[in-house]
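Trainee: Each chain, letter by letter, is given below.
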Amino acid sequence: MAARDKIEVVINGVREVVPKDITIAGLIEIYNERDGGLIVEQNNRYVFPQRYGSTIVKQGDRIEFINPDFGG
Amino acid sequence: MKYTGQREISLSEEELRRYNRQIIMPLIGIEGQKRLKDACVFVAGLGGLGSISSMYLVAAGIGSLRIIDRDVVDTTNLNRQVIHWTDDMGKEKSVSALEKLKRLNPYCNIEAITGSIDDLESSAFIADASIIVDATDNLETRRVLNRVSLEKSIPFIYGGVDGFSGMVTTFVPHETPCFDCLFPFDIKKKGAIGVVGPTPGIIASIQVMEAIKLILGIEGTLKGRLLYFSGIDMLFREVKVEKNPECPVCSRYRAGL
Ligand SMILES: [Zn+2]
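If you're matching them up, the sequences are chains G and R in order. What the first sequence shows, in the numbering used here, is residues 72 to 143, in sequence order. What the second sequence shows, in the numbering used here, is residues 143 to 399, in sequence order.
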């Protein structure tokens with residue numbers, strides 16, 4: 072079980088313990104996800120980049136960081 | 143789509159035979175086949191994605207196909223861009239593709255241009271199409287296609303690949319998010335990316351499936367769903383996407399401007 076100030080989430084399929092009340096922006100920082108050009112999915116929903124700073128990650132959330140594909 | 147049933151479309155005996163395996167499906171039938179013949183699809187690019195999408199569209203009996211690419215065939219294209227063959231090297235891709243597509247289905251009316259999509263933004267070559275199938279290889283050109291799509295109310299089927307991965311979704315102006323809703327960021331140019339042939343094969347096949355369903359009015363499309371594929375994990379997953387209320391691109395058209 073995660074400590075009181077921590078929550079458990081699943082990031083790209085892997086169980087992770089992260090600080091409680093962390094935002095998507097905070098997660099991106101921790102996981103150092105790619106310089107720009109990233110799609111973030113929270114429980115199968117697309118998160119708009121302008122909301123990364125205000126979207127709180129909750130216990131049990133499934134987060135996916137997806138690198139978009141632009142080749143043809 | 144733009145099929146109104148008003149234009150008289152007929153299918154010859156030879157066409158009825160050629161499309162038999164489509165026509166015998168109740169979902170398609172002769173009416174559906176006529177709809178396909180009445181449609182005009184614009185395929186933007188003739189690389190890995192465009193090789194596959196143009197062939198399946200033409201084989202399915204799309205009445206008019208418009209294709210464009212600015213490049214010539216290079217040796218490094220041949221592992222995946224299967225419409226171009228070894229003896230096409232140095233040939234304009236639009237010419238190389240046109241040759242094959244005409245032989246594949248002489249009943250399809252195909253127009254091919256060598257040039258840049260950016261220069262065609264306001265031309266009838268795209269604007270008259272009933273569907274835009276994305277087969278480009280960069281973000282900027284997709285933004286151009288997105289603007290045309292919104293401006294002219296033409297559905298835009300995005301597809302992109304990278305390595306063993308790919309993604310696809312269908313943008314329908316005013317109904318779904320637009321390309322810029324989903325990808326409001328810039329990315330650093332990566333130079334040449336690696337791709338195995340089956341990746342664009344899979345993604346372009348899905349794009350054509352979407353095009354056919356849109357033309358036939360079959361539900362269950364990728365509207366509002368970004369489907370992504372990982373060939374490494376052999377997994378398809380999807381993300382639900384909504385209109386971005388702060389999208390500077392489609393909000394302009396939403397306001398009716
Ligand atoms: Zn938009």
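Simulated from the structure, these hints should not be mistaken for laboratory data. Built from N, CA and C at the ideal position, the CB exists for glycine as well. It cannot be assumed that every hint is accurate.
Unchecked claim - Which residues of chain R face chain G? A few of them, derived with a C-beta cut under 8 Å, are:
1) Pro-248
2) Val-337
3) Gly-339
4) Pro-340
5) Leu-369
6) Tyr-370
7) Glu-388
8) Pro-390
Trainee: Any hints from earlier that this structure breaks? Give me their numbers in increasing order, please.
Mentor: 1, 3, 4, 5 and 8
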